[in-house]
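Using the sequences plus the hints, can you model the full thing?
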Amino acid sequence: MSLSSRPLSPHLQIWKWSMNMALSIFHRASGVALSVGSLMLVWMLVAAANGSESYACFRDFATSIFGQICLFGWTGALFFHLCSGTRHLLMDTGRLLTIPQAEKAGVIIFVVAASLTLGVWGCVKFFY
Amino acid sequence: MAQKWEDTAFKAPMARARGLGSVHSGLHHWMHQKITALANIPLVLWGVWSAMTLAATGADLYTIRGFFAQPVNAILMVLFLGSVFYHMALGLQVVIEDYVHCEKAKPLMLIGVKLLSLVLFVAAAFSVLKLSI
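Chains as they are written, first to last, in our numbering: chain A, 1 to 128; chain B, 1001 to 1133.
Bear in mind the hints are in silico, worked out from the structure with no lab data behind them.
Heads up, a few of these hints could be off.
What the hints assert, rightly or not - When the alpha-carbon atoms are kept at most 20 Å apart in a straight line, the in silico EDC-like pairs for lysine to aspartate or glutamate are as follows:
hint: 1; chain 1: B; residue 1: Lys1034; chain 2: B; residue 2: Asp1098
hint: 2; chain 1: A; residue 1: Lys125; chain 2: B; residue 2: Asp1060
hint: 3; chain 1: B; residue 1: Lys1114; chain 2: B; residue 2: Glu1097
hint: 4; chain 1: A; residue 1: Lys16; chain 2: A; residue 2: Glu103
hint: 5; chain 1: B; residue 1: Lys1034; chain 2: A; residue 2: Asp92
hint: 6; chain 1: B; residue 1: Lys1034; chain 2: B; residue 2: Glu1097
hint: 7; chain 1: A; residue 1: Lys104; chain 2: A; residue 2: Asp92
hint: 8; chain 1: B; residue 1: Lys1130; chain 2: A; residue 2: Glu53
hint: 9; chain 1: B; residue 1: Lys1130; chain 2: B; residue 2: Asp1060
What the hints assert, rightly or not - Coverage of chain B stretches by chain A, computed from C-beta distances (three or more under 8 Å per stretch; other residues unrestricted):
hint: 10; stretch: 1028-1041
hint: 11; stretch: 1058-1072
hint: 12; stretch: 1090-1099
hint: 13; stretch: 1112-1126
Quick reminder that beta carbons are idealized off the backbone N, C-alpha and C, glycines included.
As structure tokens, this is what we get:
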């Protein structure tokens, strides 16, 4: 069975972007990003259990510019996935299912997730 | 009682021969995704708060050990890891099922994701236990 010759349904490049679509795509993308980011959490715990030398290596990475960018992105993905996931749980109870509600929920999710991300990093940078 | 897909007249003989169709495990998967999602909400909020307090104090090894020396933190962290990695395994499984159409790579990737999630959980959870005692 040849897969390449079969007709495909319209995909990302065909549809006009909508809030529904953006939420769905970002929910999945943030989930995959968090999966990759979880490696950093495991690295931290294993390195800390392994001893001061291993932990210093992790800490050097985490506090480097690249490490900080990774952590910032991870925080953003985490809060987005958390807010969007909460919407999914609410939708499972039969709420927020109309398009206008999705548009509104989307704006709230993006604003809350961005605020929490910036708030957390602001707090840490302020108190550290 | 729900009628099984195999019993319906809608299924083409070829689909029956190939064994295609529902395997009746979707609800179980969906429920577990939702239950871990529910558990993740308080656990993630606790995790972020803990990470913030640790980061604000410089997150040196001495502080990390002190943090996990408290049983409540070690317990919550192991619960966090269990819920998050199970949720991750279920989520990545769906992503692979949706996008990977190569019938050789797909099962290997599905098995890989399950095993990798388990390895990550065990490595992280054991580290927490070691740090806690």
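We went through each hint and held it up to the structure:
1. Taking the CA atoms of Lys1034 (chain B) and Asp1098 (chain B), the gap is about 19 Å. The hint holds against a cut of 20 Å.
2. Between Lys125 (chain A) and Asp1060 (chain B) the CA atoms are separated by roughly 16 Å; this keeps the pair inside 20 Å, and the hint holds.
3. Under the criterion of a C-alpha separation no larger than 20 Å, the hint pairing Lys1114 (chain B) with Glu1097 (chain B) is consistent with the structure, at around 13 Å.
4. A distance of roughly 15 Å separates the Cα atoms of Lys16 (chain A) and Glu103 (chain A); the hinted pair therefore holds under the 20 Å criterion.
5. At most 20 Å may separate the alpha-carbon atoms for a hinted pair to count; Lys1034 (chain B) and Asp92 (chain A) meet this at roughly 9 Å.
6. Taking the CA atoms of Lys1034 (chain B) and Glu1097 (chain B), the gap is about 18 Å. The hint holds against a cut of 20 Å.
7. Of the pairs offered as hints, the one joining Lys104 (chain A) and Asp92 (chain A) holds, with about 17 Å between alpha carbons and a cut-off of 20 Å not exceeded.
8. Our distance criterion of 20 Å between C-alpha atoms is met by Lys1130 (chain B) and Glu53 (chain A), whose separation comes to about 16 Å.
9. For the suggested pair Lys1130 (chain B) and Asp1060 (chain B), the alpha carbons sit about 17 Å apart, so the restraint of at most 20 Å is met.
10. Coverage of the stretch 1028-1041 of chain B by chain A holds [criterion: at least 3 residues with CB-CB distance below 8 Å; count 5].
11. A count of 6 residues in the stretch 1058-1072 of chain B with a Cβ less than 8 Å from any Cβ of chain A is obtained; the coverage claim is therefore met, three being the minimum.
12. Remark: the stretch 1090-1099 of chain B is confirmed as covered by chain A, as 3 of its residues place a Cβ nearer than 8 Å to a Cβ of that chain, reaching the required three.
13. Note: the stretch 1112-1126 of chain B has 4 residues with beta-carbon separation from chain A under 8 Å; the three-residue rule is met and the coverage holds.
Consistency note: the structure conflicts with none of the earlier hints.
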